[in-house]
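For the protein sequence lines, the chains are C and W, in the order given. The first sequence begins at 1 in the numbering used here and counts up by one. The second sequence begins at 1 in the numbering used here and counts up by one.
There's no promise every hint is true.
Mimicking SDA-like on lysine to any residue, the simulated pairs with C-alpha atoms at most 20 angstroms apart in a straight line are [as the list claims (entries may be wrong)]: (1) C:K424 / W:H198; (2) W:K228 / C:R338; (3) C:K210 / W:R205; (4) W:K228 / C:D368; (5) W:K228 / C:A335; (6) W:K228 / C:N332; (7) C:K376 / W:D50; (8) W:K228 / C:H315; (9) C:K484 / W:H198; (10) C:K376 / W:K20; (11) W:K228 / C:A339; (12) W:K20 / C:P357; (13) W:K20 / C:N404; (14) C:K376 / W:I196; (15) W:K20 / C:A339; (16) W:K228 / C:A334.
Calculated from the structure, these hints are not laboratory results.
What follows is each chain in one-letter form.
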Amino acid sequence: MTSSETPLLEMVGISKSFGGVQALRDVDFSLAEGEIHGLVGENGAGKSTLMKIIAGVHSGFTGSMRLAGKEVHFRSARDALDAGIGMVHQELSTARDLTVAENVYLGKQPVNRFGLVNWRAMARGAREQLASLGIAVDPKTRIGDLPVGLQQLIELARVLFSGARIVILDEPTSALSPPEVERLFSVLKRLKASGLSIIFISHFLDDILKVSDTVTIFRNGRKIVTSPTAGIDKGWVIERMIGAGHQELEESYLGQIALDSQPNAPVVMETSHLTSGRDFRDITFSVRGGEVLGIYGFMGGGQLELARTLFGRMHPDSGTLIMDGKPIRFRNTAAAKRAGVAFVPESRRSMLFHHEPLYKNASIAILDRISRLWLKPATERTIMRAQIEKLRIRPPNPNMLLGNLSGGNQQKVALAKWLTYPPKVLVLSEPTRGMDVGAKDDVLKIVRGLREQGIGVVVVSTEPETVLSLADRILVMKKGEIVKEFASETVSKDRLLEAA
Amino acid sequence: MTAPASEARPPSGRVSIWFKSQLRNIAPFLTLAALVIFFSASSPSFLTFDNLWNVLTNISVAGIIAVGLTFVILCAEIDLSVAAVANATGIVVAFFTLQPDYVNIANVPLPGGLAIALALLACFLLGAVNAVGLTVVGIPSFIMTLAMMQIAAGICALLVRGQIAYSVPDLILTLGSKSIGGVPWIVIVSASMLLIAHIVLTYTRFGRYVYMVGGNREAAEYSGVNVKLILGSAMVISAVCSGIAGMLAVSYFGSAQQNEFDSFLLDAISAVVVGGTSLFGGRGGIGNTVVGLFVLGVLNNGLDHIQIDSFLKVLIRGLILLLALIINVYAQRLRAQSETSAAD
Numbered sequence: 001m002t003s004s005e006t007p008l009l010e011m012v013g014i015s016k017s018f019g020g021v022q023a024l025r026d027v028d029f030s031l032a033e034g035e036i037h038g039l040v041g042e043n044g045a046g047k048s049t050l051m052k053i054i055a056g057v058h059s060g061f062t063g064s065m066r067l068a069g070k071e072v073h074f075r076s077a078r079d080a081l082d083a084g085i086g087m088v089h090q091e092l093s094t095a096r097d098l099t100v101a102e103n104v105y106l107g108k109q110p111v112n113r114f115g116l117v118n119w120r121a122m123a124r125g126a127r128e129q130l131a132s133l134g135i136a137v138d139p140k141t142r143i144g145d146l147p148v149g150l151q152q153l154i155e156l157a158r159v160l161f162s163g164a165r166i167v168i169l170d171e172p173t174s175a176l177s178p179p180e181v182e183r184l185f186s187v188l189k190r191l192k193a194s195g196l197s198i199i200f201i202s203h204f205l206d207d208i209l210k211v212s213d214t215v216t217i218f219r220n221g222r223k224i225v226t227s228p229t230a231g232i233d234k235g236w237v238i239e240r241m242i243g244a245g246h247q248e249l250e251e252s253y254l255g256q257i258a259l260d261s262q263p264n265a266p267v268v269m270e271t272s273h274l275t276s277g278r279d280f281r282d283i284t285f286s287v288r289g290g291e292v293l294g295i296y297g298f299m300g301g302g303q304l305e306l307a308r309t310l311f312g313r314m315h316p317d318s319g320t321l322i323m324d325g326k327p328i329r330f331r332n333t334a335a336a337k338r339a340g341v342a343f344v345p346e347s348r349r350s351m352l353f354h355h356e357p358l359y360k361n362a363s364i365a366i367l368d369r370i371s372r373l374w375l376k377p378a379t380e381r382t383i384m385r386a387q388i389e390k391l392r393i394r395p396p397n398p399n400m401l402l403g404n405l406s407g408g409n410q411q412k413v414a415l416a417k418w419l420t421y422p423p424k425v426l427v428l429s430e431p432t433r434g435m436d437v438g439a440k441d442d443v444l445k446i447v448r449g450l451r452e453q454g455i456g457v458v459v460v461s462t463e464p465e466t467v468l469s470l471a472d473r474i475l476v477m478k479k480g481e482i483v484k485e486f487a488s489e490t491v492s493k494d495r496l497l498e499a500a
Numbered sequence: 001m002t003a004p005a006s007e008a009r010p011p012s013g014r015v016s017i018w019f020k021s022q023l024r025n026i027a028p029f030l031t032l033a034a035l036v037i038f039f040s041a042s043s044p045s046f047l048t049f050d051n052l053w054n055v056l057t058n059i060s061v062a063g064i065i066a067v068g069l070t071f072v073i074l075c076a077e078i079d080l081s082v083a084a085v086a087n088a089t090g091i092v093v094a095f096f097t098l099q100p101d102y103v104n105i106a107n108v109p110l111p112g113g114l115a116i117a118l119a120l121l122a123c124f125l126l127g128a129v130n131a132v133g134l135t136v137v138g139i140p141s142f143i144m145t146l147a148m149m150q151i152a153a154g155i156c157a158l159l160v161r162g163q164i165a166y167s168v169p170d171l172i173l174t175l176g177s178k179s180i181g182g183v184p185w186i187v188i189v190s191a192s193m194l195l196i197a198h199i200v201l202t203y204t205r206f207g208r209y210v211y212m213v214g215g216n217r218e219a220a221e222y223s224g225v226n227v228k229l230i231l232g233s234a235m236v237i238s239a240v241c242s243g244i245a246g247m248l249a250v251s252y253f254g255s256a257q258q259n260e261f262d263s264f265l266l267d268a269i270s271a272v273v274v275g276g277t278s279l280f281g282g283r284g285g286i287g288n289t290v291v292g293l294f295v296l297g298v299l300n301n302g303l304d305h306i307q308i309d310s311f312l313k314v315l316i317r318g319l320i321l322l323l324a325l326i327i328n329v330y331a332q333r334l335r336a337q338s339e340t341s342a343a344d
């Protein structure tokens with residue numbers, strides 16, 4: 001059903017690099033008319049880069065791209081859309097305060113002969129457009145009042161309405177409940193039957209295998225294989241995604257990791273049925289002193305929001321947080337800090353002060369411990385020097401401006417903030433993201449050291465390697481819920497991916 | 001996403017990097033020097049000892065307001081209600097003071113100390129409303145203080161009902177309009193407040209929090225700093241400074257009436273911004289504000305010494321402010337550039 005003489009979209013020998021980092025190497029890709037093509041690969045494997053090239057977001061690349069047999073080179077997303085290629089992003093770009101009809105017609109409202117918007121025609125058109133997708137919704141509803149699943153379909157309708165023949169869906173199911181996923185799939189099948197081509201990017205392999213005709217697997221910027229979906233299973237895909245039996249074995253943690261849980265240590269922090277809107281639901285777990293608890297999940301799995309909630313930056317709708325056996329509510333991050341919780345967010349930019357010296361960066365979190373009224377800069381510098389020594393921060397100068405340090409060293413400064421007066425619980429979000437091997441190893445050693453001091457560490461990550469290399473116990477989160485716990489057993493990357 | 005730090009910087013860039021990082025501090029000094037040289041050359045009466053005192057006295061009221069405003073702007077917020085709060089506080093203190101018979105205001109005469117305490121309470125409360133609006137309700141400071149400007153103006157109108165009051169408590173009368181050993185008290189008050197604010201901002205924990213909250217609010221929050229408390233405190237400090245300025249200004253100008261101090265809003269904001277304190281927060285300080293005050297004072301005073309159309313004066317002041325804003329934003333952009341060229 002997917003074959004025709006010339007593919008609708010054909011890409012040959014595509015390469016793209018960002019400042020010396022090769023994101024795509026010599027990738028071939030083709031898409032037939034009426035095909036649903038799944039794209040899988042780990043974070044950074046190159047699938048998003050390829051899609052952004054197709055959608056005109058990245059215009060500088062090498063290789064050739066043909067659309068319906070004709071050579072094309074898009075300079076902007078506008079170009080791509082004019083040529084009939086539209087994209088629905090993971091973060092929806094609907095205008096929340098406009099109505100459904102206005103969103104469907106965004107930027108091209110029908111006007112009457114006086115140049116005024118023809119509201120009636122717009123409402124009628126939008127209703128028809130949506131009905132053709134099998135969606136019955138009042139076009140006058142404010143879009144922000146609709147569930148995310150419907151918002152997404154309306155965005156899809158808008159892309160189709162602007163004349164797209166190829167639609168790229170980026171992680172369309174990550175925020176959807178199972179019935180919403182079913183509805184999306186039935187819409188996609190309907191579109192496919194009418195001859196549209198769909199590229200479906202997702203971490204959710206079950207979803208990809210269910211709806212796609214063909215799947216292409218990426219790893220490290222290369223296309224590994226393209227295969228019809230019929231006759232392959234999740235295990236087969238995971239093996240190829242992470243490179244089983246290849247020389248990258250030591251990098252990919254295919255080996256079994258023995259989890260070393262600490263069942264007898266005292267519990268320092270617990271949550272009970274913690275729930276926060278759409279972000280996460282019914283989260284119950286406990287962290288023991290001297291234990292590293294890993295929480296793994298895909299982007300949008302709710303684990304980043306959970307981490308913020310543990311530090312009082314976000315507030316749960318229901319459920320309780322318990323520290324030292326007593327329920328506690330954090331009004332703000334200052335209250336969480338007083339209770340003994342520390343947090344390092346995934347983005348260094350939101351944790352550090354680029355134009356301040358190292359010692360001010362590190363002391364900001366503990367100023368209340370070292371001074372009451374008057375600052376003691378000499379003490380601050382002494383503390384910083386001790387941390388520089390301990391964490392091997394380079395260059396070893398407490399007066400150096402933070403912005404002059406490399407990323408890995410900045411991450412160490414972010415950790416250093418909390419280490420002078422050790423907290424009871426340290427929550428780390430993506431602690432090794434974007435680090436080179438050496439810096440990752442340093443972070444690993446620091447976390448091990450904290451565990452020995454009896455601190456409870458929570459490591460939240462979307463990278464399986466990070467969780468596997470740091471954690472004593474692993475929780476897997478999927479769409480806001482804990483779906484699996486690995487404790488006192490051996491675990492490997494493919495088992496982790498299988499669970500998520 | 002995260003590129004490694006660019007270790008290799010062009011060697012010739014050192015001086016230019018220093019200049020870029022210091023642009024916001026250098027530019028106001030150069031402006032001040034240029035103005036002094038220009039006016040000295042244009043008018044023999046400008047560069048005299050007496051005239052220096054004129055300049056100092058003239059910038060004192062705006063200086064006291066600018067003290068509080070410096071805290072607010074360092075936090076990357078703004079307070080547009082300073083002049084109105086100053087006006088209201090001045091009127092409150094006059095309202096509680098016995099006025100001459102010919103003043104037709106239904107005022108409530110109280111002992112001087114009590115009148116001053118009530119006036120301080122009034123400006124504290126107005127500042128607290130700003131603080132609650134900004135931090136608890138979440139109204140942007142620009143809009144919140146715009147509303148406060150109206151509220152304070154309304155309080156003025158209700159209390160004086162179009163009349164003019166003249167008397168203030170003795171203490172305020174002395175500090176606002178008397179001198180000691182040839183030095184006007186108002187200059188001493190202004191200078192002391194600037195000095196205290198400088199010490200608070202530079203040497204205390206609260207001051208550090210102000211700079212860090214202004215420099216990167218999110219990072220301060222993720223470091224367990226009570227950001228709302230710091231922002232709220234800055235709004236209250238700003239209102240209380242404005243209140244003190246307002247009381248002294250009633251004594252300095254000899255009357256309390258509606259819309260009397262409106263021009264101080266622009267003067268105080270200009271002083272802080274012309275001095276080089278970043279509108280985006282976290283950079284600058286009282287030192288910058290002092291230079292900014294002198295630029296403003298010399299400009300106002302100098303234009304009186306040379307033959308110039310008095311209507312043109314307003315235009316010139318506007319242009320100088322615009323220039324300062326351009327430098328301010330440009331300096332911020334240079335900073336942002338060096339930030340992206342550095343790691344992360």
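To see whether the hints hold, each was checked on the structure:
Proximity of K424 of chain C to H198 of chain W is assessed by CA-CA distance (about 37 angstroms); at most 20 angstroms being required, the pair is judged violated. Pair hint K228 of chain W plus R338 of chain C holds up; C-alpha atoms about 16 angstroms apart against a cutoff of 20 angstroms. With a CA separation close to 59 angstroms, the supplied pair K210 of chain C and R205 of chain W exceeds the 20 angstroms bound. A hinted pair counts as satisfied when its Cα atoms are at most 20 angstroms apart, and K228 of chain W with D368 of chain C qualifies at roughly 16 angstroms.
Using a Cα cut-off of 20 angstroms, the hinted pair K228 of chain W and A335 of chain C holds, with the two alpha carbons roughly 13 angstroms apart. Using a Cα cut-off of 20 angstroms, the hinted pair K228 of chain W and N332 of chain C holds, with the two alpha carbons roughly 9 angstroms apart. For the suggested pair K376 of chain C and D50 of chain W, the alpha carbons sit about 42 angstroms apart, so the restraint of at most 20 angstroms is broken. Restraint check for K228 of chain W and H315 of chain C: satisfied, since their Cα atoms lie roughly 16 angstroms apart, inside the 20 angstroms limit.
The suggested pairing of K484 of chain C with H198 of chain W is violated, with an alpha-carbon distance near 56 angstroms, which exceeds 20 angstroms. At roughly 29 angstroms between alpha-carbon atoms, K376 of chain C and K20 of chain W are farther apart than 20 angstroms, so this suggested pair is violated. In summary, the hint linking K228 of chain W to A339 of chain C is supported, as the alpha carbons are separated by about 19 angstroms, within the 20 angstroms threshold. The hinted pair formed by K20 of chain W and P357 of chain C meets the criterion: a straight-line CA distance of about 18 angstroms does not exceed 20 angstroms.
This hinted pair checks out: K20 of chain W and N404 of chain C have alpha carbons roughly 16 angstroms apart, not beyond 20 angstroms. A hinted pair counts as satisfied when its Cα atoms are at most 20 angstroms apart, and K376 of chain C with I196 of chain W qualifies at roughly 18 angstroms. As the CA atoms of K20 of chain W and A339 of chain C are separated by approximately 42 angstroms, the hinted pair breaks the 20 angstroms bound. Distance check on the hinted pair: K228 of chain W and A334 of chain C sit about 10 angstroms apart at the alpha-carbon level, within 20 angstroms; holds.
In summary, the numbered hints that this structure violates are 1, 3, 7, 9, 10 and 15.
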